[in-house]
Amino acid sequence: MLGILVVIVVAGWLGTLIARDPGYVLVSYDGSSLRTSLWVALGLLAVLGLAIYYGSQLLRFLLNSSGYLSSWREEKKKSRAQELTAKGLQLMLEGDYLRAERFLISGAQNSSSPAINFLEAARAADKLNDTEKRDAHLRRAAEEDPSCGKAIALVSAEMSAARGEWDNCLQALSSLKSSDVVLSLRRRALVEQKDWQGLQSLMPTLRKGMDKESFLEFERGVVLTRISEPGIQEEGLQAIFKNLPASLKRDPSVVLAYCQTVENDNQAESILRWAIKENWQPELLECYGNLGSETLPKRLKQAEGWQKSHADDASLQLCLGKIYEAKGDVIKAREAYQRSINLESSREANEQLGGLLAFDGEYAKSSDHFKTALQFKK
Numbered sequence: 000m001l002g003i004l005v006v007i008v009v010a011g012w013l014g015t016l017i018a019r020d021p022g023y024v025l026v027s028y029d030g031s032s033l034r035t036s037l038w039v040a041l042g043l044l045a046v047l048g049l050a051i052y053y054g055s056q057l058l059r060f061l062l063n064s065s066g067y068l069s070s071w072r073e074e075k076k077k078s079r080a081q082e083l084t085a086k087g088l089q090l091m092l093e094g095d096y097l098r099a100e101r102f103l104i105s106g107a108q109n110s111s112s113p114a115i116n117f118l119e120a121a122r123a124a125d126k127l128n129d130t131e132k133r134d135a136h137l138r139r140a141a142e143e144d145p146s147c148g149k150a151i152a153l154v155s156a157e158m159s160a161a162r163g164e165w166d167n168c169l170q171a172l173s174s175l176k177s178s179d180v181v182l183s184l185r186r187r188a189l190v191e192q193k194d195w196q197g198l199q200s201l202m203p204t205l206r207k208g209m210d211k212e213s214f215l216e217f218e219r220g221v222v223l224t225r226i227s228e229p230g231i232q233e234e235g236l237q238a239i240f241k242n243l244p245a246s247l248k249r250d251p252s253v254v255l256a257y258c259q260t261v262e263n264d265n266q267a268e269s270i271l272r273w274a275i276k277e278n279w280q281p282e283l284l285e286c287y288g289n290l291g292s293e294t295l296p297k298r299l300k301q302a303e304g305w306q307k308s309h310a311d312d313a314s315l316q317l318c319l320g321k322i323y324e325a326k327g328d329v330i331k332a333r334e335a336y337q338r339s340i341n342l343e344s345s346r347e348a349n350e351q352l353g354g355l356l357a358f359d360g361e362y363a364k365s366s367d368h369f370k371t372a373l374q375f376k377k
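Numbering-wise, the sequence shown is residues 0 to 377 according to numbering that gives the first Met the number 0.
No wet-lab data here; the hints were simulated from the structure. Each residue gets a CB set at the ideal place from its N, CA and C atoms; glycine is no exception. Warning: the hint list may mix true and false statements.
Estimated spans, in silico, between C-beta atoms of each pair [stated by the list, open to error]: (1) Asn167 <-> Asn242: 26 to 36 Å; (2) Glu228 <-> Glu82: 52 to 62 Å; (3) Ser55 <-> Ser32: 23 to 33 Å; (4) Thr204 <-> Glu303: 43 to 53 Å; (5) Gln196 <-> Lys300: 34 to 44 Å.
Full structure from sequences and hints, please.
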């Protein structure tokens, strides 16, 4: 209300001024002149000023609108690229590699990280056994982002591993620093190639990168694989065991595998005797009872000595039965097998006793023990 009153007062005051003395303005230029009242001239100047002001605002708006439009278009393209990339990755997980490759390549055009698109497209092409496209996508990834060389090498190594191309896998890994993924791939490649020397040199690094239990399990697996290799020479076998860390020399599974393979009965007897004292296990006792005649007296003395503290152990009685049988003492062998069965019936004890009974002509009893043996799973 107050504003309206102010406007009315000002308008009245201006009207009074105009009526009292309208004045005039004369503009002359090159023989031409223009005359108008002062107030009209002032009004024209005001209109001109407003026109200039609003014209500049309009021009600025148009210029900004062009920038906004361009930015909007770019955001739209990026959004579309993200959608295509996401779809491509989804198709990869679903195993639709042909469509996945197409979506990933389409999404790379306006992607903020096109190298990733080309790397995943290379994986898709590799799954389709299209080596030409795979290599082309890897080159494009390197061109788009030279800094992702390590990622390209790792992807190449993983694809080579999937194809069983272990030489190519190791070659791709050679330029990479150790990491969990790199070490895992390198370890697998060396095992597949049976490059035991290369694997041995990698062991210190693996020990640092793996938890203790996982490393021991892996190391045990490698040793068992080497020991059980077909055609392994006696000298090489003994060298493997000699160079084992103390923890594996005490490992029952390693000891058992080695003593079942090595031809040196005296060495096997010594290792088994020590291992049984450390780890009283049925498998070790069984192996001890199966050794050759060269160590028979020594084994008989040792096994009978163990009876003082393990008289009620079925595995020891089975072991003793085998030793007595190998020595030719059939009566003691039968007694030992029977004690083993009485303590804990087993397939092998029944088979061994059944064989001795059949040899002595006690076919009915022998048949009973063989039937009992068949009830046990191998």
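So which of those numbered hints doesn't the model satisfy?
-> Per hint list: zero violations.
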